[in-house]
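Novice: With the hints as constraints, model all of the structure from the sequences given.
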Amino acid sequence: MLPPIFSPEKSYFFSLTYFVRLDTSNFQSTSNMPWGGEERNIFDRFMNKMINLVDGPVTWFRETVVVPNQKQYPYYHRVYRPNEQFKRDMSVDGAIVDILRKRKVECARYEGYEREEKCRKIFQDYTEAELNYFIKYGDLGAYAHAKFAYMKQKHRMVYERRKAAGTWNPNP
1 MLPPIFSPEK SYFFSLTYFV RLDTSNFQST SNMPWGGEER NIFDRFMNKM INLVDGPVTW
61 FRETVVVPNQ KQYPYYHRVY RPNEQFKRDM SVDGAIVDIL RKRKVECARY EGYEREEKCR
121 KIFQDYTEAE LNYFIKYGDL GAYAHAKFAY MKQKHRMVYE RRKAAGTWNP NP
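Counting in UniProt numbering, the sequence shown runs from 1 upward without gaps.
Bear in mind the hints are in silico, worked out from the structure with no lab data behind them.
A few of these clues could be false.
Listed next, with one range per pair, are the computed distances between beta-carbon atoms [as the list claims (entries may be wrong)]:
| # | residue 1 | residue 2 | range |
| --- | --- | --- | --- |
| 1 | 88 | 66 | 41 to 49 angstroms |
| 2 | 146 | 61 | 49 to 57 angstroms |
| 3 | 167 | 106 | 42 to 50 angstroms |
With a cut-off of at most 25 angstroms between alpha-carbon atoms, the simulated DSS-like pairs for lysine-lysine come out as follows [to be verified]:
| # | residue 1 | residue 2 |
| --- | --- | --- |
| 4 | 118 | 104 |
| 5 | 104 | 121 |
| 6 | 152 | 102 |
| 7 | 152 | 104 |
| 8 | 136 | 163 |
| 9 | 136 | 154 |
| 10 | 152 | 87 |
| 11 | 136 | 147 |
| 12 | 102 | 121 |
| 13 | 152 | 136 |
| 14 | 102 | 136 |
| 15 | 118 | 136 |
| 16 | 87 | 163 |
| 17 | 102 | 87 |
| 18 | 152 | 163 |
| 19 | 87 | 154 |
| 20 | 71 | 87 |
Glycine residues also receive a C-beta, built at the ideal position from the N, C-alpha and C atoms.
Specialist: Listed below in structure tokens is the structure:
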């Protein structure tokens with residue numbers, strides 16, 4: 001899906017590393033020059049003809065064939081890669097636990113002997129985050145995979161449901 005290089009409404013100027021879009025729709029000029037002005041000399045006319053020679057058929061084909069036949073998908077139907085998302089979530093959760101661990105150590109170091117009462121909330125937050133991290137990612141091994149985490153979550157939910165119903169028997 002390449003943008004048209006030069007069109008009367010939106011112009012794309014090639015910079016050294018990227019395209020910069022300039023919206024020229026509010027210019028009063030009727031020229032299709034990229035800067036919105038008139039052709040100033042023979043070189044401008046020649047370059048305009050060469051650009052239209054190359055870009056004209058491509059722009060026509062894109063506007064009449066490609067764009068009308070494209071399927072427009074809503075944003076939630078994009079390609080989803082569960083392992084990449086799992087790794088990202090795992091690293092974010094690990095960073096959160098690490099930050100809470102550092103807060104716990106800093107609070108204990110700062111408060112000294114009074115850390116039990118003054119840092120109680122930080123200790124509880126860290127303990128809860130560590131437990132939740134272990135519940136979600138613990139015992140998955142070095143090569144954790146989204147499917148393994150999903151199966152672990154499913155087994156934990158089955159266990160909790162059976163335990164609540166009183167039908168859990170660990171030694172059949």
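Novice: Does each hint hold? Answer for all of them.
Specialist: Going through the hints against the structure:
1. The given range of 41 to 49 angstroms is broken by residue 88 and residue 66, whose C-beta atoms sit roughly 33 angstroms from each other.
2. At about 41 angstroms, the CB distance of residue 146 to residue 61 disagrees with the hint of 49 to 57 angstroms.
3. A hinted range of 42 to 50 angstroms holds for the C-beta pair residue 167 and residue 106, which are about 46 angstroms apart.
4. Proposed proximity of residue 118 and residue 104 is supported: the alpha carbons are some 11 angstroms apart, at most 25 angstroms.
5. Distance hint between residue 104 and residue 121 is fulfilled; the C-alpha atoms sit about 9 angstroms from each other, no more than 25 angstroms.
6. Of the pairs offered as hints, the one joining residue 152 and residue 102 is violated, with about 29 angstroms between alpha carbons and a cut-off of 25 angstroms exceeded.
7. Among the hinted pairs, residue 152 with residue 104 is inconsistent with the structure: their alpha-carbon atoms are about 29 angstroms apart, more than 25 angstroms.
8. The straight-line distance between the Cα atoms of residue 136 and residue 163 is roughly 19 angstroms, inside the 25 angstroms bound, and the hint therefore holds.
9. Our distance criterion of 25 angstroms between C-alpha atoms is met by residue 136 and residue 154, whose separation comes to about 11 angstroms.
10. Taking the CA atoms of residue 152 and residue 87, the gap is near 16 angstroms; set against the 25 angstroms cutoff, the hint holds.
11. For the suggested pair residue 136 and residue 147, the alpha carbons sit about 12 angstroms apart, so the restraint of at most 25 angstroms is met.
12. Distance hint between residue 102 and residue 121 is fulfilled; the C-alpha atoms sit about 14 angstroms from each other, no more than 25 angstroms.
13. Distance restraint check for residue 152 and residue 136: the Cα-Cα separation of roughly 8 angstroms lies within the 25 angstroms cut-off, and the hinted pair is therefore satisfied.
14. For the hint pairing residue 102 with residue 136, the CA-to-CA distance comes to about 21 angstroms; that is within 25 angstroms, so the pair holds.
15. For the hint pairing residue 118 with residue 136, the CA-to-CA distance comes to about 29 angstroms; that exceeds 25 angstroms, so the pair is violated.
16. Proposed proximity of residue 87 and residue 163 is contradicted: the alpha carbons are some 31 angstroms apart, above 25 angstroms.
17. For the given pair, residue 102 sits about 22 angstroms from residue 87 by alpha-carbon distance, which is consistent with the 25 angstroms threshold.
18. Proximity of residue 152 to residue 163 is assessed by CA-CA distance (about 16 angstroms); at most 25 angstroms being required, the pair is judged to hold.
19. With a C-alpha separation of about 19 angstroms, the suggested pair residue 87 and residue 154 falls inside the 25 angstroms cut-off, and the hint holds.
20. As the CA atoms of residue 71 and residue 87 are separated by approximately 31 angstroms, the hinted pair breaks the 25 angstroms bound.
Violated hints, listed in ascending order, are 1, 2, 6, 7, 15, 16, 20; each of the other numbered hints is respected by the structure.
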